[in-house]
Amino acid sequence: MAGLTKQGVAGFLAKQGILVAFVVFMIVFTLANPRFIDIDNISGVVRSSAILGVMALGVTFVVIGGNLDLSVGSMMSFSTIVVLDLHDKIGPALAIPAMFALTLCLGAFIGILVGYLKLNSLIVTLGMLSAIHGLTLTWSGGKNMDIADKEGTWFAVFGQGSILGIPTPILLFALVAAVLGIVLSKTPFGRKIYAVGGNGTAATFSGVPRARVVFLTYLVSSLCVAIAGLMQASRSLGSQNTVGQGMELEVLAAVILGGASLLGGSGTIFKTVIGVLILGFIQNGLLLVGLPFYVQYVVTWVIIILAVWLDIAAKRGRLLSPIA
Amino acid sequence: MSTSVTPVLRLDGIVKTFPGVKALDGVSLTVMPGEVHALMGENGAGKSTLMKVLGGIFAPNEGQIFIADEPVQMTSPLQAKSKGVVFIHQELSLADELSVAENIFLGELPRKSLGRVDWLTLYDRTDRILKTLNVGFNARTRVGDLSIANQQMVEIARALTVDPIAVIFDEPTASLTDAEKSVLFDVIADLKGRGVGIIYISHRMEEIFKITDRISVLRDGQYRGTLDTAHTNEDEVTQLMIGRSLDLSRKASSHEVGEIALEARNLSCGSLYQDVSFTVRRGEVVGFYGLVGAGRTEIAETIFGLREPSGGEILLDGQTVQFRSPIDAIARGISLVPEDRKGQGLVLGMNCRDNMTLPQVGDLVAGPFVSDGAEIAIFDQYRDKLDIRTPGWRQTVGNLSGGNQQKIVIGKWLSMHPSVLIVDEPTRGIDVGSKAEIHNLIRDLAAQGYAVVVISSEMPEVLHVSDRIVAMYQGRIICDFTAETVTEDNLIQAISGIDPRKVA
Amino acid sequence: MTKETLFKQGAIWAFIAVELAFFTIAGDFLSTSDKSFMDFDNMLLLLKQSAPIGIIAVGMTIIMINGNIDLSVGAVFALAAVVMLDSMTWPFMAALGDWAIPLAWLFALTTGMVLGAINGFIVWKTGVDAFIVTLGSMLGYRGLVFMYNGEQPTSHLNWTLVDFAEAQFLGLHTATWFFLVCVLVLWLVMTRTVHGRNAYAIGNNREAAVNAGIKVGPHILLNFVIIGFLAALSAVVFYSESGSVNPNDGMLYELWAITAVVLGGTKLMGGYGSIISTLGGVIAIQLLRKGLGHIGADTETVNLVIGLILIAVLILDRQLNQKGKQELRT
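Residue numbers (full-length UniProt numbering), protein chains in the order written: chain W, 1 to 324; chain H, 1 to 504; chain D, 1 to 330.
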């Protein structure tokens, strides 16, 4: 009996450990500073995590499908610059769909390379990181991009507005998470992503169109990047060419923290949201107890390693690796 | 054989059990110095388990291993090697980007000061070993540039870096040409001359009778006896391997066979197989029998749209078909239960239900969503029909036993209501009880009008389930038999490349 | 050596030759400057500018040959630089005069080795994939850089040091010497030593290596110590001259280094690659940078071109390695 319970607890921890860690973490920080749990503070954290969060949702699809996407940071810079530039040239109503179309083209290009041509996703997206960065600089001529009339545009609504008192970025993040969460867990497409990432050969042997599924995961990822770029552009109404630089690895950190295996086939949208929020709340919590922002980097490091290590240790049944 | 000579190797009363299976039941084996000792038995008889016990990969539950009459505990192949017992495996374990010399001395490169490799010594020692093997490549050749046969030679050379007292060859000739075989046999003769004891595992009677001194036979994990090669014949060995008890003469099916469902005409796929023609009728089980690498699996993969044929045609219900992917093949009612259950058949991390419904998940929808009810209904139906033992559909497939995993794969394809079902090695790695169930299932499916192809390396299995048997050897169909006319001897000849009708 | 391996190892040098020819000829038509592209001083400068990324790329090559990856090199680079420059301002160091310089270097290099060892040890003992371990420490080490000196740049200008860094010996700059010596030493290590050959074996066929009794863990650890050392050495070379480091310096260096290594033909899966080819990869990228500038293209297009070339190399590699129509369609 005792053994069973113990196993149950271990099993629960192995499966939901990240959620438990999250709750413990929230309690500790609330005790340290009660303002932490304040609704305004929470809303602030979610809001500032929303851009990273939306990108992480898309990357979750790619990672579950068994691949990586290192290009989302520079792709987000591209979306932001493009939509800001087109805003003054063709108006926001046309700029937004144009930017979405261009970003999706980039995603489709990566999807063809990784899905249909079966190239290594790490190197392809590394190359695209560089190439898209170049594309952005070429588009902007290397200059910062600003909207001329910052007061008179409705474009700010996606980054700064609110609906029924809830900030738009939070709404967008929640909406994208809900839609993608349902797609992943309830539709045939979602099921096929898990199959392709879990065992691509077996998926092929079961008549799952592996190439098309991988292609679509990159399309989803680029769609999320476009939404994130829209939010970023709308929030600042002006941007540097490097606004998304380095985010690809932070995004990946959030996804891994959520428990998705880089080998593919595991992870959920819900867990990625938790991963994103943990990163956001670590940053916020450490600031609130008076530590500078960069302490979060070190804490994140420790948490990522511990999370993945314990996950692996639970699966192999021993703490240390058997490597000689 | 004089009793005063100490055996180089003695296995005494080895018992090894796995959950639910007694893989080895008190097996004993004695190898004398300078003896080539054949170890024979059907697939699953326990040969590889016995060798894994000898190599220290499995610890025996009972029994003792003696090297030169000293009791030893084997803990790893490396430790076995240090005691002079070396293995030459069928699967190659080489670093193909490195040179021949580096592979031969992998893990024990000779050193100079500053951790430098002593290349002179390395090449010198390698050349000396290669000279005894009489091979056509040198110490500096990159292993990846060698033919499979020469890579096999590198594996053999590796065994000679120590002064071995016993060498175990596991199906060493599976990928060798006749010329290469004779080189290998020279090596074995040389070792033999040096007083090394040799265990030689093979299915090929011809070789066994050519080079071995004694033959020990395993069946169902039990030791069945040892014969002096000079005083026995193929029949006697075969009988020991197969046993008298098994009913070998399969009766013809009681039901009517129907129209031709699947036909291959002069089908070829590059070097994998050539000019293959056969038919499969509804209500009929056609067995494909041959050694590993004879091209059987590749034919199945071609029919299933996984390979592009280089010639010939495939006909389904009399119509020529061309499949660009398994999706096309599935749409036309073909199903394949693949050879590698874990690598090709299942997504081990997914649950039972999701695995079973994977090929049709796109159709089991209510609106845009997967219909839970429809999925569970299918799962329940085939769980009951196939008697799959699992706590529930949520169970991760990786946690099931091999037999239940295989039934999930079979259920997956039966639920697609195929017209042609191809089953590749249906009972590999499955316990005896489940084996019988799966065999009965295959017979039942034929009785229900399915056209079934069974690919197997196990003769009893092929004999037991098939109405007709196609024998293959090195990418070609040698001949086919009906259940009434087949004999084990003929089958064994056919898969060694001899057409028994022509011999007779 | 077969034709195939010759082709593979020669590809990057052929590419460099094409670049040189292209930029020289195109430069004649397009360049606004009178100087020829193949100008000797220009080429020397090119080598010097390749050095910081180049030294890191050498380390990345051995890590990748071993079957791992290191994403934290940029942060190690920054932290080593901070330690070097800051340590020279410590009172006891200031009292040592110019003798503080070798000591400061030692501190920086030790920092690099310790950070590398931490990565290697975690990879070895936890069994977590190196990609994740170093993704984490990329953040963590960067955090340490910030914790050291906040968001302020760390500066210390020592003229002896600057003179040393700007010196030329036999026509080559100090940085170039460091780079070339690293290439030579690591090339010897990977081709001549037991450690190097075992590192190849582990990356090529880990199971075979384990079965042959090679101790995989210590080799992994040693390689991470070496890349930590090299990332720090790169910082030493670069910041001896510049004398000031921002906490964000070295960001994305990991990606540039990996790009150079892959361009040189080293396989991501391990077991195959060479230090010399990485030298080619580094030079090819730097040539592209300078060349595009020379013919008057926007410097912005460099990233675009490098990215597309990387992908083109991958496609080409796949085409060459395809086994033909008999391959299983999976």
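Quick caveat, the hints were computed from the structure, so don't treat them as lab data.
Virtual Cβ for every residue (Gly too), placed ideally from N, Cα, C.
Some clues are possibly wrong.
If we take Cβ atoms under 8 Å as the criterion, some of the chain H residues that face chain W in the derived model are [as the list claims (entries may be wrong)]:
#	residue
1	345
2	350
3	362
4	365
5	370
6	378
7	380
Anything over 10 Å on all C-beta distances counts as not near chain D; from chain H, calculated [claimed, not checked]:
#	residue
8	64
9	66
10	68
11	83
12	93
13	96
14	116
15	124
16	132
17	185
18	263
19	325
20	351
21	404
Hints and how they fare:
no.: 1; hint: 345; in the structure: holds (6 Å)
no.: 2; hint: 350; in the structure: holds (6 Å)
no.: 3; hint: 362; in the structure: holds (4 Å)
no.: 4; hint: 365; in the structure: holds (6 Å)
no.: 5; hint: 370; in the structure: holds (6 Å)
no.: 6; hint: 378; in the structure: violated (14 Å)
no.: 7; hint: 380; in the structure: violated (19 Å)
no.: 8; hint: 64; in the structure: holds (25 Å)
no.: 9; hint: 66; in the structure: holds (24 Å)
no.: 10; hint: 68; in the structure: holds (23 Å)
no.: 11; hint: 83; in the structure: holds (14 Å)
no.: 12; hint: 93; in the structure: violated (4 Å)
no.: 13; hint: 96; in the structure: violated (7 Å)
no.: 14; hint: 116; in the structure: violated (5 Å)
no.: 15; hint: 124; in the structure: holds (17 Å)
no.: 16; hint: 132; in the structure: holds (21 Å)
no.: 17; hint: 185; in the structure: holds (26 Å)
no.: 18; hint: 263; in the structure: holds (22 Å)
no.: 19; hint: 325; in the structure: violated (6 Å)
no.: 20; hint: 351; in the structure: holds (23 Å)
no.: 21; hint: 404; in the structure: holds (25 Å)
Hints 6, 7, 12, 13, 14 and 19 from the list above are not met by this structure, while the remaining hints are.
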